[in-house]
Amino acid sequence: MMPDLGKYAEAVLSSYAVSILLIAVLIAVSVRRSNRIKNELQEVEKKVKSNG
Amino acid sequence: MNLNAFWEYANPKKFIQTTDRLLPWFAGLAAVTLVGGLIWGFFFTPEDYRQGSTVKIIYLHVPSALMAINAWLMMLVTSLIWIVRRHHVSALAARAAAPVGMVMTVIALVTGAIWGQPMWGTWWAWDPRLTSFLILFLFYLGYIALWEAIENDDTAADLTSILCLVGSVFALLSRYAVNFWNQGLHQGASLSLDKEENVADVFWYPLLVCMAGFVFLFIALVLMRTRTEIRARRMRALLARERMGA
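Line order of the protein sequences matches chains A and B.
Note that my numbering has the first sequence beginning at 1, numbered continuously upward.
Note that my numbering has the second sequence beginning at 1001, numbered continuously upward.
Where hints are given, some of them may not hold.
[Said to hold, decoys possible] Subject to a maximum C-alpha distance of 27 Å in a straight line, what follows is the list of computed DSS-like cross-link-like pairs (lysine-lysine):
id, chain 1, residue 1, chain 2, residue 2
1, A, K46, B, K1014
2, B, K1014, A, K49
3, B, K1013, A, K38
4, B, K1014, A, K38
5, A, K49, A, K38
6, B, K1014, A, K47
7, A, K47, B, K1013
8, A, K46, B, K1013
9, A, K49, B, K1013
By construction, these hints were calculated from the structure, which means they are not laboratory data.
None of these values were measured; they are calculated from a predicted model.
Take these sequences, add in the hints, and give me the full structure.
This is the structure we're talking about:
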């Protein structure tokens, strides 16, 4: 199934590997921060409400 | 269309409610088009008669370069909205888009260098387009650092908006550098309304799908990150109020 990339295989594969890795890290960091801030805000709102 | 209805989305609560519904759609579209486009381009397109299999790098290089510039232009629009109308959501959207744009710029620079080595015999040249892209990357870094360095959100939004206006010159320069200076190693634009200047159809259609994938990915990430920035801002405000009350 893997296409024959010939003498440029290293260049093509490394381009895909670096790009996919960077996109995956960007998505992971964004989702993680989103969840963390959402939870922290809920905690703070609860605290503020309980303090009146 | 009533323009006032548009400004309702500047309300943080309304923005979060609306994007609750939109975000899954954009994330789904991004996943389908990006994965589909890359699989199509990598596995099911032929080699180019001049560039061999390196032509497959086009499916990453061109869409990421496109988004690197367009992300900055989106930041320019939202920064102008902040300067003129003082809507916090627009300033936070610009802040949210910067890291996404920076990663797109890095992908464009890295894939360009990897592609350039076998084609031009060098990883890097001080060519107009390459140099203006490097400067754009530095502007992204400076923009993100400025947001982090200033504690007051409104002051940070003011100063970063000005930096964004200045950086827009380089964003536009990156796009048109090849046309302004008819020199350097980089080829002309891969995308053109002129059919003869465009890449061949066999490469063009999967490239279009990949570009759509990068656009949807950008929208999904910016929506999610803007929601995060809105929540972070509210949290800072609540904590500040708590401290003042204590």
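For each hint, the structure was consulted:
Proximity of A:K46 to B:K1014 is assessed by CA-CA distance (about 21 Å); at most 27 Å being required, the pair is judged to hold. A threshold of 27 Å between alpha carbons decides the hint, and for B:K1014 with A:K49 the separation of about 22 Å falls inside it, so the pair holds. About 14 Å separates the Cα atoms of B:K1013 and A:K38, which keeps this hinted pair within 27 Å; it holds. A threshold of 27 Å between alpha carbons decides the hint, and for B:K1014 with A:K38 the separation of about 17 Å falls inside it, so the pair holds.
Simply put, A:K49 and A:K38 have alpha-carbon atoms about 17 Å apart, close enough for the 27 Å limit, and the pair holds. The straight-line distance between the Cα atoms of B:K1014 and A:K47 is roughly 24 Å, inside the 27 Å bound, and the hint therefore holds. For the hint pairing A:K47 with B:K1013, the CA-to-CA distance comes to about 20 Å; that is within 27 Å, so the pair holds. For the suggested pair A:K46 and B:K1013, the alpha carbons sit about 18 Å apart, so the restraint of at most 27 Å is met.
A hinted pair counts as satisfied when its Cα atoms are at most 27 Å apart, and A:K49 with B:K1013 qualifies at roughly 19 Å.
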